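Protein sequences, first through last, are from chains A and B. Residues 1 to 111 in the working numbering are what the first sequence spells out, letter by letter. Residues 1 to 112 in the working numbering are what the second sequence spells out, letter by letter.
Just so you know, the hints here were simulated from the structure itself, not pulled from any lab data. Here the structure is a predicted model, which means the values were calculated and not measured. Idealized CB from N, CA, C, for every residue including glycine. Mixed in with the good hints, there may be bad ones.
[Said to hold, decoys possible] BS3-like, lysine-lysine: derived pairs with alpha carbons at most 25 angstroms apart:
#1 K98/A / K65/B
#2 K18/B / K57/B
#3 K18/B / K98/A
#4 K106/A / K59/A
#5 K69/A / K42/A
#6 K79/A / K69/B
#7 K42/A / K65/B
#8 K69/A / K106/A
#9 K68/A / K98/A
#10 K98/A / K57/B
#11 K69/B / K98/A
#12 K79/A / K59/A
#13 K79/A / K68/A
#14 K17/B / K65/B
[Stated by the list, open to error] Reference listing, derived: stretches of chain A covered by chain B, where coverage requires no fewer than 3 residues with Cβ under 8 angstroms from a Cβ of chain B:
#15 71–84
#16 98–111
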Amino acid sequence: EDQVTQSPEALRLQEGESSSLNCSYTVSGLRGLFWYRQDPGKGPEFLFTLYSAGEEKEKERLKATLTKKESFLHITAPKPEDSATYLCAAVRSGGYQKVTFGTGTKLQVIP
Amino acid sequence: EAQVTQNPRYLITVTGKKLTVTCSQNMNHEYMSWYRQDPGLGLRQIYYSMNVEVTDKGDVPEGYKVSRKEKRNFPLILESPSPNQTSLYFCASSLSGGVPQHFGDGTRLSIL
């Protein structure tokens with residue numbers, strides 16, 4: 001059974017304090033690993049797609065990386081507006097790409 | 001503006017009273033799907049559709065129905081809602097493949 005586990009469940013950072021969120025996965029035939037941001041009262045917003053180990057993607061203060069067993073979302077010098085829940089999802093290859101979501105990391109950045 | 005629109009946003013109803021949650025997208029996407037989000041369980045797929053008249057079950061389809069008569073619309077139907085279907089529901093669409101690219105803002109359902 002495909003599994004995606006995110007840690008920590010919650011993270012509180014001071015503004016400017018860099019850190020990383022973890023997403024470990026057990027998926028047969030990984031097609032891709034996806035990161036989303038979810039704000040309260042909103043649907044998830046697509047951030048990154050990673051397809052192969054060693055791949056990195058960046059967007060502003062966020063950088064996503066991928067290994068064969070996990071993905072990291074690095075947040076450099078976060079600002080309060082980065083506060084949100086970050087979700088990762090693993091996609092299995094196949095005719096229809098089955099998606100398995102993690103339960104998310106709730107990030108709070110304090111001014 | 002690319003949008004996935006769900007209605008209603010909030011609904012409180014009673015056990016057994018049929019309800020429909022509508023979903024519409026304006027991006028001409030082929031793939032649409034429904035998810036429910038529950039604390040500690042993450043997003044779980046209910047049904048998905050790869051194109052008009054093509055639908056299939058996701059991980060938690062029991063108690064739900066869907067239809068895809070037009071490319072832009074993908075309604076979720078609860079024929080006889082029960083309290084265990086109280087949840088936050090999201091509709092999503094994507095151009096290709098099963099990975100959702102655009103989500104609606106959610107429908108919070110409470111079944112009493």
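These are the hints, each one checked on the structure:
1. Taking the CA atoms of K98/A and K65/B, the gap is about 19 angstroms. The hint holds against a cut of 25 angstroms.
2. A C-alpha spacing of about 20 angstroms is found between K18/B and K57/B, which places the hinted pair at or below 25 angstroms, so the restraint holds.
3. Distance check on the hinted pair: K18/B and K98/A sit about 29 angstroms apart at the alpha-carbon level, beyond 25 angstroms; violated.
4. Proximity of K106/A to K59/A is assessed by CA-CA distance (about 19 angstroms); at most 25 angstroms being required, the pair is judged to hold.
5. Taking the CA atoms of K69/A and K42/A, the gap is near 29 angstroms; set against the 25 angstroms cutoff, the hint is violated.
6. Using a Cα cut-off of 25 angstroms, the hinted pair K79/A and K69/B is violated, with the two alpha carbons roughly 45 angstroms apart.
7. Of the supplied pair hints, the one linking K42/A and K65/B holds, its CA atoms being roughly 24 angstroms apart against a limit of 25 angstroms.
8. Among the hinted pairs, K69/A with K106/A is consistent with the structure: their alpha-carbon atoms are about 22 angstroms apart, no more than 25 angstroms.
9. Proposed proximity of K68/A and K98/A is supported: the alpha carbons are some 18 angstroms apart, at most 25 angstroms.
10. The hinted pair formed by K98/A and K57/B meets the criterion: a straight-line CA distance of about 11 angstroms does not exceed 25 angstroms.
11. Distance restraint check for K69/B and K98/A: the Cα-Cα separation of roughly 23 angstroms lies within the 25 angstroms cut-off, and the hinted pair is therefore satisfied.
12. For the suggested pair K79/A and K59/A, the alpha carbons sit about 14 angstroms apart, so the restraint of at most 25 angstroms is met.
13. For the proposed pair K79/A and K68/A, the alpha carbon gap of about 30 angstroms is over 25 angstroms, so the pair is violated.
14. Only pairs whose Cα atoms come within 25 angstroms are accepted, and K17/B paired with K65/B is accepted, the gap being roughly 14 angstroms.
15. For the segment 71–84 of chain A, the assignment as covered by chain B is violated, since 0 residues bring a beta-carbon within under 8 angstroms of that chain's beta-carbons and 3 are needed.
16. Judged by the Cβ-Cβ criterion of 8 angstroms, the segment 98–111 of chain A is covered by chain B as claimed, because 6 of its residues qualify and three suffice.
Against the hints set out earlier in the document, violations occur for numbers 3, 5, 6, 13, 15.
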